[in-house]
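Here's the letter readout for the chains.
2 protein chains.
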Amino acid sequence: MVTDSAEQSRADVTRARLLDAAVSAFAERGFHGTTTRDIAAAAGLSPAALYVHHRSKEELLYLISRSGHEHVLALVRAAVASSADPATALRRVVHDFVVTHARDHTTTRVVNYELAALSPAHLAEIREIRHHIEQAIRQLVEAGVTAGVFETPDPRMAAAALLSLGVDVGRWYRDGGDLVPEYIAARYAEMALRIVGAGSPDAGSG
Amino acid sequence: MVTDSAEQSRADVTRARLLDAAVSAFAERGFHGTTTRDIAAAAGLSPAALYVHHRSKEELLYLISRSGHEHVLALVRAAVASSADPATALRRVVHDFVVTHARDHTTTRVVNYELAALSPAHLAEIREIRHHIEQAIRQLVEAGVTAGVFETPDPRMAAAALLSLGVDVGRWYRDGGDLVPEYIAARYAEMALRIVGAGSPDAGSG
DNA sequence: AAACTTACTAAGCGCTTGCTTAGAATGTGT
DNA sequence: ACACATTCTAAGCAAGCGCTTAGTAAGTTT
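Those protein sequences? They're chains A and B, same order as listed.
For what it's worth, numbering that gives the first Met the number 0 labels the leading residue of the first sequence as 0, then goes sequentially.
For what it's worth, numbering that gives the first Met the number 0 labels the leading residue of the second sequence as 0, then goes sequentially.
Some hints here could point you the wrong way.
Note that identical chains are pooled: a pair holds if it fits in a single copy or bridges any two copies.
[As the list claims (entries may be wrong)] List of simulated lysine to any residue pairs, SDA-like, C-alpha gap at most 20 Å:
#1 Lys56 - Asp174
#2 Lys56 - Thr34
#3 Lys56 - Pro154
#4 Lys56 - His31
#5 Lys56 - Arg28
#6 Lys56 - Gly32
Don't read these hints as lab results, they were simulated from the structure.
Being a predicted model, the structure only gives us computed values, none of them experimental.
All chains, please: the whole structure from these sequences, using the hints.
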């Protein structure tokens with residue numbers, strides 16, 4: 000064969016092109032609002048070509064959802080581990096989380112709002128990744144409270160709010176506006192520290 | 000006729016039953032994942048009955064979306080006007096907004112996540128209501144900053160975050176959990192005051 | 001150049017979709 | 001009892017759906 004394990008075969012490129020087309024279509028019109036003909040056409044292929052490279056339309060959603068969730072989980076865990084100081088770590092978590100949900104809003108929209116279209120087995124698998132993401136953030140907030148650097152009446156609710164802030168960026172963010180992902184992330188990270196009642200590290204007034 | 004303007008005709012009751020069935024179905028499976036047969040069956044009627052009372056499937060979505068948005072706009076405006084003190088008003092806005100998005104999560108899910116399925120004309124009309132909602136909240140935050148009771152580097156971003164917190168409750172809230180709408184609303188209202196940097200009125204530590 | 005593999009498509013199958021049509025019940029006014 | 005309006009349904013149409021089948025074209029190996 001002319002391709003070895005390092006480089007991509009033609010099939011891999013086409014597979015990826017179909018996934019990209021599916022992400023765009025699902026983000027715009029939703030899973031059920033998208034036809035397999037839409038996806039194939041956007042990838043420059045005949046309707047049948049989709050089934051050469053993927054088992055079903057649902058498999059496309061699953062692959063998108065799984066890699067998207069795994070990316071976010073890795074990002075959150077890396078950010079949590081990036082500093083021993085809970086405030087510094089939380090700032091990083093929220094910053095990176097928000098940047099991803101803005102920059103990759105197309106993917107994160109599918110990831111967060113098309114769960115119901117997954118098969119029961121796939122949904123169960125995805126839910127587990129989501130649980131790890133939520134757990135990581137909740138544990139970070141609790142660690143900050145225990146360490147005495149955060150102050151909040153209910154860490155669980157604070158964690159839910161932080162997650163909501165990030166996830167919802169994927170809903171309202173639009174490309175080409177005057178708000179760039181980095182700026183949103185910076186403001187949201189400041190607000191996150193306020194939410195958990197982190198007093199000292201340049202989160203205060205001024 | 001046996002019914003006058005005060006009481007509901009049989010048609011009105013059936014119309015409402017179809018709307019209720021549509022809300023549940025759209026919230027669970029999305030607009031495109033729902034068939035007109037699903038809706039009619041859930042309302043205890045034949046598929047054709049839907050078209051006796053409504054023009055189209057899209058009209059059902061429009062009616063749900065419009066009344067849902069108008070309800071939220073009225074709620075926000077009433078809360079804003081409920082106090083001259085921006086902190087008290089904001090607490091009320093977020094509290095009521097969150098209670099609605101939890102208690103009526105079924106409706107608010109359709110309201111916030113099925114916009115793309117509306118016809119262009121209907122979408123334009125709904126967007127205008129959404130703009131009024133966002134404007135009311137942003138103006139309240141700006142009024143608080145002007146009055147010197149709020150402190151935030153970017154009132155527009157703070158307003159976006161407040162909206163996100165409330166809207167996203169509709170996504171994650173489940174009935175029958177251990178979190179009751181009133182409790183979530185109370186915690187979220189506290190966090191809202193922290194986000195806008197409202198220092199004094201029992202939003203601090205303790 | 002023959003034998004084989006890979007990447008793709010034309011055509012279409014069985015089913016479901018949103019919606020319509022024509023008509024049957026049911027209730028109401030006189 | 002009769003005419004009439006209201007409320008609903010049985011049947012089905014044209015279009016679109018996810019997916020399959022059978023085959024073609026292009027590249028690779030020997």
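Verification of the hints:
For a Cα distance limit of 20 Å, the shortest separation of Lys56 from Asp174 qualifies neither inside one copy, at 27 Å, nor across copies, at 31 Å. In this homomeric assembly, Lys56 and Thr34 come within 20 Å of each other (Cα to Cα) both inside a single copy, at 8 Å, and across copies, at 19 Å. For the homomeric pair Lys56 and Pro154, neither the shortest alpha-carbon distance inside one copy (39 Å) nor that between copies (43 Å) is at most 20 Å. In this assembly of identical chains, Lys56 and His31 lie within 20 Å of each other by CA distance both inside one copy and across copies; the values are 10 Å within and 15 Å between.
In the homo-oligomer, the alpha carbons of Lys56 and Arg28 lie at most 20 Å apart both inside one protomer (14 Å) and across protomers (16 Å), since each shortest distance falls under that limit. Both within a single protomer and between protomers do Lys56 and Gly32 lie at most 20 Å apart by alpha-carbon distance, with minima of 12 Å and 14 Å respectively.
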